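Student: Residue strings, one per chain:
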Amino acid sequence: MTNDDNDIVKVDFAFKRLLAQTVEGDLANFCYQCGACVGDCPAATYSDDFNPREIMLKVLYGLEDELLGEDSVIWECTNCYACHERCPQQVKPVEIIISLKNMLAARGRIPDVVAKVTKTFEETGRTVPYSPAIDKQRAKFGLPPLSPVPVEEIQALLEPAEGEVT
Amino acid sequence: MKRFAFFPGCLIPARHPGMEFAIRVTLPRLGIELVDLEGASCCPDPIYFKSKDKLSWLAIAARNLSLAEDLGVDVVTNCSGCTATLSETWHLLHEDPELKDKVNRRLAKIGRTYKGTSRIRHIATVARDEAGYDTIKASVTRPLEGLKVAIHYGCHLLKPSRIMNVDNPDDPQVLENLVRAIGAEPVRHRNWYLCCGKACQVEDIPNNMMHDLLGAVHDESADILGMICPTCFGQFDHGQMKIAKLFEEDYHTPPVYYFQLLALAQGIPYDQLGFDKQRFKPTVLQRYDEAAVVAEA
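Going down the list, the sequences are from chains A and B. Quick note on the numbering used here: the first sequence kicks off at 1 and runs consecutively. Quick note on the numbering used here: the second sequence kicks off at 167 and runs consecutively.
It is worth saying that the hints were derived from the structure and are not from the lab. Quick caveat: nothing in here was measured; it's all calculated off a predicted structure. Don't be surprised by glycine CBs; every beta carbon is placed ideally from N, CA and C. One or more of the hints may lead you astray.
What the hints assert, rightly or not - Simulated coverage check for chain B against chain A, where a stretch passes if three residues somewhere in it have a Cβ under 8 Å from a Cβ of chain A:
1) 180–192
2) 207–219
3) 230–240
4) 316–327
5) 358–371
Make the full structure from the sequences, and use the hints.
Tutor: Structure representation (structure tokens):
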């Protein structure tokens, strides 16, 4: 057995510290690579590229380029929470994947569909934009018009509070 | 009457008013009173907005919960996504006081405080726990006998179970029992545990998954696919057209939201429940109207 430095994966601690600052991102270190997250994962069942245990291994190493680069698979996750259910360490792999998505979004990289839905929400406080046709349909069922959303309150909550540490 | 703040979310009030109508008609008949939550926003959604900015997601969810706290009641949700967002927020902020402080510093900007005094219940569990199967059964004026309902739980009603606290995610009973209570026959098909695939941003995974799921439902000769989430509903209604075309198969399995079925069983006519808006219309349900007419004659 040789001891060639080229074969050794170097842990990127700086990236891991950044991930740990996201909400629940600090749980990643408890992963012991048992693979319980794989069996029930629909994305792993239906895709050759997606494997939550491999994602967690890359997280443990801090392989930023593979996790967040052009070939990132994190948006293949179906958000089903089966891995959260199965994980004996309560790592919540789905939440780590969401932390990674948050990191991508902070860099302005977000799938088009997601950008569209979140923009609608940020501008209107709703995921489905209001239109008079909606109230017309509701009236047919004897339902009152949609109750207004105080958008300025929602928008205030999108911004950090003074002195907020991220 | 047990009172709850009604959190309708975005999809049901805007896209599926027939579902909201059914909820508002059926719940009082089960002894459950709904109080409207003025000023509520999107929960926000647990698949897109949470993935963009989880801290803002928590703050806005906490704002929604604080509206119910003002009324001193628990929250009832009618969408699995809203249930996931609000329940997860409650649990995270309960377990992590620092995070709760952080969220409250944001809420202070709009003069609100989140306390954590209102709990969150999905409407299916409210029907099960507050009314009970016997009360539901007693509210039925025309049991949906002979109707085979394939069950689709979706993901966020059950998982993660330590947060959702609804049922055993490996062997859930709640939807089967709710379907039995209205006289129909629940069917657990071989792919019952699969996800609707809405959150996934590559096409092949949800397409193949839905193809397998619909095939399993078809093999059971189920009349309809019963569910309790409007996001899953959209996947199986509009989405089923895409799958049928892609795989050149016609399963023609209409998805139906459970509380519309309950309304029908409580005697609300088919035509008043908004089924005509569906891509796949559950016309099989019309026979219960016809049977009622025959019985009256």
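Student: Do at least three Cβ atoms from the stretch 358–371 of chain B come closer than 8 Å to Cβ atoms of chain A?
Tutor: Contact hint for the stretch 358–371 of chain B vs chain A: holds, 11 residues under 8 Å.
Student: Holds or violated: the stretch 230–240 of chain B covered by chain A, criterion of 3 or more residues with Cβ-Cβ distance under 8 Å?
Tutor: violated (count 0)
Student: Mind taking a look at whether chain A covers the stretch 180–192 of chain B? Criterion is 3 or more residues with CB to CB distance under 8 Å.
Tutor: holds (count 7)
Student: Between the stretch 316–327 of chain B and chain A, are there enough contacts, at least three residues with CB-CB distance under 8 Å, for the coverage claim to hold?
Tutor: Held - the stretch 316–327 of chain B has 5 residues with a Cβ nearer than 8 Å to chain A, which meets the minimum of three.
Student: Closer than 8 Å, Cβ to Cβ, for at least three residues: run that test on the stretch 207–219 of chain B against chain A and report holds or violated.
Tutor: Holds: 12 residues of the stretch 207–219 of chain B have a Cβ under 8 Å from chain A.
In this structure, the one hint that does not hold is number 3.
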